[in-house]
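> Line by line, the protein sequences are chains A and B. Residues in the first sequence are numbered consecutively from 1, following my numbering. Residues in the second sequence are numbered consecutively from 1001, following my numbering.
There could be a bad hint or two in this list.
Each computed SDA-like pair below joins lysine to any residue, with the alpha-carbon atoms no more than 20 Å apart [as the list claims (entries may be wrong)]: (1) B/Lys1196 - B/Lys1402; (2) B/Lys1196 - B/Leu1237; (3) B/Lys1255 - B/Tyr1354; (4) B/Lys1402 - A/Tyr210; (5) B/Lys1285 - B/Asn1217; (6) B/Lys1433 - A/Phe187; (7) B/Lys1117 - A/Cys176; (8) B/Lys1433 - A/Tyr210; (9) B/Lys1334 - B/Asn1140; (10) B/Lys1255 - A/Gly128; (11) A/Lys184 - B/Lys1196; (12) B/Lys1433 - A/Asp39; (13) B/Lys1149 - B/Asn1312; (14) B/Lys1097 - B/Thr1087; (15) B/Lys1097 - A/Phe23; (16) B/Lys1285 - B/Gly1267; (17) B/Lys1117 - A/Asp39; (18) A/Lys184 - B/Lys1402; (19) B/Lys1255 - A/Leu123; (20) B/Lys1433 - A/Leu123.
Worth flagging that the hints you see were computed from the coordinates, not collected in a lab. Please read these numbers as outputs of a predicted model, since none were measured by experiment.
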Amino acid sequence: MKKKRSVMHAIAAAPHIFWAILFIILPLIIVIFYAFTDDSGAFSFDNILSLGEYVPIFVLSLELSVIATFICLLIGYPLAYIMARAKPEHQKIFVMLLMLPMWTNLLIRTYSIMAILDDGGLLNTILGTSMHIVGTKGAVIFGMVYDFLPYMVLPIYTCVSKIDKHMWEAASDLGCNTFQVITKVIFPLSMSGVISGVTMVLVPSISTFYISQKLGGGTFELIGDTIERQFVTGAYNVGGAISLVMMILILISIGIMNRFSEEDEGGIIV
Amino acid sequence: MKRYKVLFLLTLVFILALSLCSCGNDDVEAKKNYPTKTLNVYNWGEYISDEEDSEYGLFDVNSGFEDYFNENLADVYGCYIKVNYSTYATNEDMFAKITNSAVAYDIVIPSDYMIQKMLSTTNGSGEPLLLKLDFSKLTNYANISDDFKNLYYDPTNEYSVPYTYGMLGIIYNAEFVDQEDIDKQSWGLLWDEQYKGKILQFNNPRDAFASAMYKNNWDINSKDPTVWTNALDELKLQKPLLQGYVNDEIFNKMKGASAYIAPYFAGDFLTMAAENEDLNFYYPKEGTNYFVDAMCIPSTSKNPDLAHEYINYMISVEAATANALYIGYASPNKAVTESAHYQSMLSANYDTEYVSAWEILYGKTKEEANINYSYNPAYMNYYSDESVDIQSVVNSRWEELKTENSTEMWVHVTSIAIVVGVLSYASYDIYIKKKRSRDYRMRDKAKKNS
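Chain A with its partners taken away, still in its complex shape (with noise of 0.2 Å):
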């Protein structure tokens, strides 16, 4: 009986152990390979050592990212929240509204933010003015914002909605005010939600380049843009040893923001 089941296993997970091993084992693979050779294909460190150069750029995406994924968190807070208050019939609609913009690609909605917040754009045109945005920080941490706060309002709402109705009465008769509920028991409820929606966030911001490309203007590079130029170019093995630097300085922070998270249960798993 017991075999019986694990063959049925076997091939149950078949097509997602398939699917993991094309799509993400190899790849990876690919870039480690890439990393730790050069030109000739001879094993190499150099790529690894040049990485020194790239550190400012580095810096700055996480410094933005790391401030849009704030922002993000104290809209989306507040936002989630109110959206599990709300009533059933209600929250459909919220949570409708809310992905409403992810049904236009992120490609379209970024360019056509440019668009509008450009010096002769939509923008200034309405207003009268000639304030210059596009090619400004400010105009990238804005666009994170605007393309990734779905992901930090969506797994809030879906934790804040989980937690018993009865533990807002029972703090409440415990002498909580509104904010002491919020802050001393719905907050630290929810954390596992603040938690994976910070890291879906802050993932993505660290390695666009689309954003930074059109809404920065192109005066300075984010290290989504330096990889993208490296593989365009044809520096493979530079673009390969950056893309793993990344990927482990992620993995580090997200082991990080778990290990803060432990004390609550169920913080996500990476």
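Given the structure of chain A, go ahead and fit chain B onto it with the hints provided.
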């Protein structure tokens, strides 16, 4: 039950859509029992006439070729043909696809320097990546102007048939740029402090560096790293004046007057000017880039004979005229440029109050050109192949340009404040929890003891 109805309807719609799609192909199947072969054509995006518009002299060239072939040549080759057309955005993308992909392309249309690179790169069996053409099969080859034969990228003229050519110039918005600055006809306009924040520059190292080098009359193909360092200094001077480093965003920014000055290709300028009549264009007096895109057959091609027929069709007057009008780039096909139909259509499609499309594309007035179709040699100045060393020199300088002054204080301060804030909240949280559990334990102990 309702749910099943919806599912059923959805399936029905899906099936209908599918069957409609497949219906479209039925007319390709003709009477005779020949197999249908697929010709894989790989071209730049928006680089072939694909709409039916007899008023503007356009038609769908790919289906035109299929019809022509299936009617006239099916018996000769014993097959029908289907064109599988796909597009790329850069020469480098195309090169990567040709060298790595499993798809055997039959036609590619790379730029000059890339053809040179493909000829100097060899595949596993020591052959170049392009096939030698059999010019006896190209009966329309006489249409190609002699000025476009034996060019530097294909000196023996064996591998390529020119498709379009074009030159780089400076686009400006006549409403905002002073006439005296335009009269200088110089690359220096891109460095003019008066237009700070309204100037655009290419977001690729090759063209951006070239503009700095042209401005100072330096050799744009220099193998001397110090020349590139000097060009970098020029670009660093320019950076504070720029609105941004851009590629195809140039179209919207110039059309919407977000920016006033940008370097770009003559053919694309015509498309922009058609939507904003204030835009005008000049070729800088210091010289400019001149590119040729040419049709080639990769050595991996499975149907070189059919590929020759495709090239031959593309340089026929009808197809070449439709393409030249659609793309808006200059045509190396003298049968096209000499035809009155093309000239009148070009002017109908692209002329504005200030702009003569003919003058911009072919560098001469219409009257002169009626006598002599050729381009103005004064603009000729090729990019030639970059050796690997120079390429890394250029890349490292480009990186330096992009990272220079790229961080601002407020970014550091804000992000550090956030990180410190989050970390202190987290550690405070942990501290409180530890303290609380210790307190509970103490209390339990106290209870037990009493």
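> Decide, hint by hint, whether the structure agrees.
Tested hints:
1. With a C-alpha separation of about 18 Å, the suggested pair B/Lys1196 and B/Lys1402 falls inside the 20 Å cut-off, and the hint holds.
2. For the hint pairing B/Lys1196 with B/Leu1237, the CA-to-CA distance comes to about 12 Å; that is within 20 Å, so the pair holds.
3. In summary, the hint linking B/Lys1255 to B/Tyr1354 is supported, as the alpha carbons are separated by about 16 Å, within the 20 Å threshold.
4. With a CA separation close to 16 Å, the supplied pair B/Lys1402 and A/Tyr210 stays within the 20 Å bound.
5. For the suggested pair B/Lys1285 and B/Asn1217, the alpha carbons sit about 10 Å apart, so the restraint of at most 20 Å is met.
6. Note on B/Lys1433 and A/Phe187: the hinted pairing holds, with a Cα-Cα distance of about 15 Å set against a maximum of 20 Å.
7. About 73 Å separates the Cα atoms of B/Lys1117 and A/Cys176, which puts this hinted pair outside 20 Å; it is violated.
8. Restraint check: the Cα-Cα separation between B/Lys1433 and A/Tyr210 comes to about 43 Å, which exceeds 20 Å; the hinted pair is violated.
9. Between B/Lys1334 and B/Asn1140, the direct Cα distance comes to roughly 11 Å. Compliance with the 20 Å bound is thereby established for this hinted pair.
10. The straight-line distance between the Cα atoms of B/Lys1255 and A/Gly128 is roughly 18 Å, inside the 20 Å bound, and the hint therefore holds.
11. Taking the CA atoms of A/Lys184 and B/Lys1196, the gap is about 52 Å. The hint is violated against a cut of 20 Å.
12. With a C-alpha separation of about 54 Å, the suggested pair B/Lys1433 and A/Asp39 falls outside the 20 Å cut-off, and the hint is violated.
13. Restraint check for B/Lys1149 and B/Asn1312: satisfied, since their Cα atoms lie roughly 16 Å apart, inside the 20 Å limit.
14. For the suggested pair B/Lys1097 and B/Thr1087, the alpha carbons sit about 11 Å apart, so the restraint of at most 20 Å is met.
15. Of the pairs offered as hints, the one joining B/Lys1097 and A/Phe23 holds, with about 19 Å between alpha carbons and a cut-off of 20 Å not exceeded.
16. Taking the CA atoms of B/Lys1285 and B/Gly1267, the gap is about 19 Å. The hint holds against a cut of 20 Å.
17. Restraint check for B/Lys1117 and A/Asp39: satisfied, since their Cα atoms lie roughly 17 Å apart, inside the 20 Å limit.
18. For the hint linking A/Lys184 to B/Lys1402, the alpha-carbon distance of about 46 Å lies beyond 20 Å, and the restraint is violated.
19. Distance check on the hinted pair: B/Lys1255 and A/Leu123 sit about 16 Å apart at the alpha-carbon level, within 20 Å; holds.
20. Under the criterion of a C-alpha separation no larger than 20 Å, the hint pairing B/Lys1433 with A/Leu123 is inconsistent with the structure, at around 49 Å.
Violation of the numbered hints given earlier is confined to hints 7, 8, 11, 12, 18, 20; the remaining hints are satisfied by the structure.
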